[in-house]
Structure formats: structure tokens, C-alpha cells
Amino acid sequence: AQSVAQPEDQVNVAEGNPLTVKCTYSVSGNPYLFWYVQYPNRGLQFLLKYITGDNLVKGSYGFEAEFNKSQTSFHLKKPSALVSDSALYFCAVRDMNTGRRALTFGSGTRLQVQP
Amino acid sequence: DVKVTQSSRYLVKRTGEKVFLECVQDMDHENMFWYRQDPGLGLRLIYFSYDVKMKEKGDIPEGYSVSREKKERFSLILESASTNQTSMYLCASSLLGRGTSASLEQFFGPGTRLTVL
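Same order as they appear, the protein sequences are chains A and B.
At position 51 of the first sequence (counting the first as 1) the number is 51 in my numbering, and the numbers step up by one without a gap.
At position 45 of the second sequence (counting the first as 1) the number is 45 in my numbering, and the numbers step up by one without a gap.
Extracted from the complex, chain B is given alone in its bound form (with noise of 0.2 Å):
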């Protein structure tokens, strides 16, 4: 069966930490996204990569980074949290979809809710 799993479901931080999100994915996917959820607003992409030590900007990369060392394991940092990075954050894999034969839909992570305080 197909797995994304998040290291944490909630977390609490205080403004100024670094905090690290852990996402593996069991599934030898290229690709790795993470947004960020908010009511209203949908989900928003943060970064993504589409291979190890490769990525990319999404809409709001502004006060984070992202690591992928390895093909399975894509983690967001946040270098100095604050309290409007409060929200619920969602990591996702992919195949690289290559043509309209490869499949594209995404598989999600149960999600990490951040609340910093």
C-alpha cells in the first residue's frame, strides 16, 4: 500500500526556533512537494523536488528550506519560526510523470499541525 508518513501530527514551537518537518515516502517517487494549509486559502506550495538534492520554489517559499538527501526523505525547515507559520503543513510524493500514460495524482501525508507560539 502506498505510505507517506509525517514524523510529527502536532507541534509546538516557540518564535525564533528551528524546526524541522520529516516527511519519507515508501513508494520510489521522484517527486516530493510540501504545502502549507490554511483555511480559505487551500493548500499553497511551499517547495518541491524532483530528485535528490534537487528543488525547487513554489508560491510561498519565503522562511523556509528544504533538504532532500536522500530519494525517500524530503524535510522542511523553518530557520527562525514566527507565528504566521502557524498552520497545517502536507508533504506529497509523485512519479517524475513523463507523458500522459504516467500516472500524476499525489499521495499525501496525514499532515503535521505547527503552532507557534
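Isolated chain A, as found in the complex (with noise of 0.2 Å):
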């Protein structure tokens, strides 16, 4: 089974100042792992991706993630918070080596940048 973790519900950062919100995820296998975000009364938008290759992987707004094998974790991050990075964070995961073809998504993390 496939399994994602976000262990905060709510990320508060002052605007400027770097961003970090939590992933964990499980899987039998090899990982495909994404970050989506989602503002208020909108659909979930598509961050970046993780397949494989590099570890650090850059998406889009200035996000980046980061996969760690060991710690089994694909946190995202962002050098400089800004007010309009506000929103709903969602990690999802997928497993290679299953036949599932739907991603697991967690539970979601609020991030909150103050002016």
C-alpha cells in the first residue's frame, strides 16, 4: 500500500523568509512523487515532480523539492516566502512497481505567509 504523511496542518512564515513544508511518504517500490497546490475555491494546480534523476528537483513559483531515499521524504521548499504563496499544499504518491495508477494524496498543509 501507498501512503503520504504531512505532519504539520498549518506552515506560518513571515514573508521574505525561507519555506518548508513536510513530506513523508511509504510505498513497496520506487516513488513518483508531486506537490500540488490549491488557493481558495480553485482546483489543486500542478507544482513539480519527482520521477527520477536528480533529487532536487524546481517547479514552478519558485518551489523546489527535495527527495531523500533514506528519510523517505520529498519536502518542498522556497527560498523567499511570498503573501501570494498562501494557500493549501497537497503531497501525492505513486508507487512504480504497483499497478495503481491514482495517486495518494496526504492530508494537506496550510501555509500562511504575514506581510
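Since the hints were derived computationally from the structure, they do not count as laboratory data.
Hints are supplied without guarantee of correctness; some may be wrong.
[Said to hold, decoys possible] Here are the simulated DSSO-like cross-link-like pairs (lysine-lysine), alpha carbons at most 30 Å apart as the crow flies:
(1) 58/A / 3/B
(2) 3/B / 53/B
(3) 53/B / 13/B
(4) 70/B / 3/B
(5) 22/A / 58/A
(6) 49/A / 55/B
(7) 49/A / 57/B
(8) 71/B / 55/B
(9) 3/B / 71/B
(10) 49/A / 69/A
(11) 3/B / 13/B
(12) 49/A / 13/B
(13) 70/B / 18/B
(14) 53/B / 77/A
(15) 18/B / 55/B
(16) 49/A / 3/B
(17) 69/A / 22/A
(18) 53/B / 70/B
With the hints as a guide, bring both chains together as one complex.
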């Protein structure tokens, strides 16, 4: 079975400071990992993904994420937060070695960036 | 531009009614998905379809059914709506995803917020 944990319901950061949103995963094989963002009253928007290769993945809006196999983590990061980054962030995983086509999502982390 | 549309943004129905939620994608994607989103629970997969007339149960299929008669359209049906089906419903689509070179990200519609009274 595949699962994702986002241990923080909410992360608060001041504008201009670096931000980290945490994600850990569990799969039996190798993972495909994703980050999505949801702005109020909107669907989810794709931010970035890790499939294979470089452990540091760069995505939209200046976000990046680091795949750490030994810690089974895929934390989302940004060097300098903007107020407009305030949103709900979801981590998702798919196990490459199973036939399951769908992603499993975490419970979400609300990011609040204060001016 | 990639587009997934859902028939309604907001819907209010009464207990026992039959409810249809429609989703259309214009990207010629093979896979289509229905999720429900609830606070603190994230997104949970209800059903997905990988081809016309093909469907598979997700993690929470009870009380729901689906229909995929055309590649671009995937419908979620609540046979007899209940108050515990009040939720945000999200439709998504993706390519089939063969091999690591295939694009696997899912593209989401704006969601339908369903209230069952």
C-alpha cells in the first residue's frame, strides 16, 4: 500500500523568509512524488514532480523539493516566501511498482505567509 | 491550454435525490479520476477510469457509481444522496503513463462543492 504523511496542518512564515512544507511517504517499490497547490475555491494546480534522476526538483513559482530516499521524504521548499504563496499544499505519491494508476494524497498543509 | 471542466461549481441537493456530477477534459487523456476533498482528510479517490466503459473502484466507492461513455467525459453518480456526501468533489485526468518517460501528473478541474440537506 502507498501512503503519504504531511505532519503539519499549518505552517506560518514571514514574507521574505525561507519556507519548508514537510512530506514523508511509504511505498513498497520506487516512488513517483508530486506537489500540488490549491488556492481558495480553486482546483489543484501541479507544482512539481520527482520521477527519477536529480534529487532536487525545481518547479513552478520558485518552488523546489528534495527527494531523500533514506528518510522517505519529499519536502517542499522556497528560498523567499511571498504573501501570494498562502494556500493549501498537497503532497502525493504513486508506487512505480504496483498497478495502481491513481495518486495517494496527503491531508494537506495550509501555508500562511504574513506580510 | 490544458483544461478540465466540471458542470457545476456549487450544488445543493436533498437527501435521497439522484445526483450527477459531470467532468469533461479536452486533452485526450486516457485516465480520469473522481476524488472527494474533506478538511483534514485530503483527497480520497472514489473511482477512476482508464478507458471508455472501463472503471475501477478507488478507496471510498460506497454510495457512488460512475459512467464513461466517451473518452472526454467522466460522470460521478450519487444514486441516493446522503448528508455524509456533502463535500468538495474534484475531477482529474492524466495520460496513461507507460514507463518513466510518460507524463504522469494529474490535471484537476475547479471542483464542485456539493451540499446535501
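Hints, verified against the model:
| no. | hint | result |
| --- | --- | --- |
| 1 | 58/A / 3/B | holds, 23 Å |
| 2 | 3/B / 53/B | holds, 22 Å |
| 3 | 53/B / 13/B | holds, 27 Å |
| 4 | 70/B / 3/B | holds, 16 Å |
| 5 | 22/A / 58/A | holds, 16 Å |
| 6 | 49/A / 55/B | holds, 26 Å |
| 7 | 49/A / 57/B | holds, 25 Å |
| 8 | 71/B / 55/B | holds, 12 Å |
| 9 | 3/B / 71/B | holds, 14 Å |
| 10 | 49/A / 69/A | holds, 15 Å |
| 11 | 3/B / 13/B | holds, 27 Å |
| 12 | 49/A / 13/B | violated, 37 Å |
| 13 | 70/B / 18/B | holds, 21 Å |
| 14 | 53/B / 77/A | violated, 41 Å |
| 15 | 18/B / 55/B | holds, 20 Å |
| 16 | 49/A / 3/B | holds, 20 Å |
| 17 | 69/A / 22/A | holds, 14 Å |
| 18 | 53/B / 70/B | holds, 8 Å |
Checked against the numbered hints listed earlier, the structure breaks hints 12 and 14; every other hint is satisfied.
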